[in-house]
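Make the full structure from the sequences, and use the hints.
Following the numbering used here, the numbering of the sequence shown begins with 262 at its first residue and continues without gaps.
None of these hints come from the bench; they were simulated from the model. If a hint is listed, it holds; no wrong ones were tucked in.
Keeping only pairs whose Cα atoms sit at most 25 Å apart, straight-line, the calculated BS3-like set for lysine-lysine is: (1) K386 to K373; (2) K414 to K386; (3) K373 to K387; (4) K386 to K333; (5) K333 to K462; (6) K388 to K373; (7) K333 to K373; (8) K388 to K333; (9) K459 to K333; (10) K387 to K333; (11) K388 to K414; (12) K467 to K490; (13) K367 to K333; (14) K414 to K387; (15) K490 to K462.
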Amino acid sequence: MADLGFQGPRFTWSNGYGVSSLIQERLDRFFANPNWCMLYPEAQVSHLTRCFSDHYLVLLDFHPQSTYRLDKPFRFQSFWLSDNSFPDLVRNAWANHAGLYDSINKFTTEVKLWNRDHFGNIFAKKKRLFARLSGIQRAMEVRPTYFLVNLEKELRIELNSILEQEQELWALKSRINWMIQGDRNTSFYHVSTLIRRKCNKILNLKNSQGDWINDTAEVMEFVRDHFIKLFSSELTFSARTTLLSDPVWPHISEEEATTSTSLCLMRKSDMLFGP
262 MADLGFQGPR FTWSNGYGVS SLIQERLDRF FANPNWCMLY PEAQVSHLTR
312 CFSDHYLVLL DFHPQSTYRL DKPFRFQSFW LSDNSFPDLV RNAWANHAGL
362 YDSINKFTTE VKLWNRDHFG NIFAKKKRLF ARLSGIQRAM EVRPTYFLVN
412 LEKELRIELN SILEQEQELW ALKSRINWMI QGDRNTSFYH VSTLIRRKCN
462 KILNLKNSQG DWINDTAEVM EFVRDHFIKL FSSELTFSAR TTLLSDPVWP
512 HISEEEATTS TSLCLMRKSD MLFGP
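Here it is as structure tokens:
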């Protein structure tokens, strides 16, 4: 069971006494099991204003509306290492001997396009494979052929590869080590990811006047203003930018690259199959 968290006032009950005898507690809360969390991943709990009762109203919104959609940050996917064309992509992205900033930008841009064209959407692929397997199996019930039998085997192999990629994707998103969980349970990683996302969401902030900001636009503006002021202040030390601008780099040899890739693949193997 997972606590769904909340936004709004910290407590849900008060005895209403004076300051010397005042007691405030969070007595009311929502818990949900993994299946429910997967059914309503965006559900949100709000503590509303208390008027006459000693309890606050607690609202559960299954589908909270949000008009803000931010660009997703770049994320390295470990299943890329299993593809033979990935090392060449990395090598080509860093072969221009540009600065660190330009090389990173070039790599992230190219790998996003490569991932989209090469892997596509894992979940859409899985859905299509299930549909094709279902159709083939229905056809084999009527008239089995060598072609259908071989095609089913090929699709099963492809599906297994997709499921491994999905497993790695959810494991990476959940940030929970494979060794801790102990078995290949995609739903476990999925729910862990949903819970972590809820914990990482900033729904309200307290401003410099001590007032709580609940509106999404105001929260974003408050954070933006904070960092504008932070980065516009004078530096108290001499910043060194040679690392970003100097185009001269110590090159990684072919042997070092092979060793590093092997270590990554060994780590991937341990994550997939356990000790």
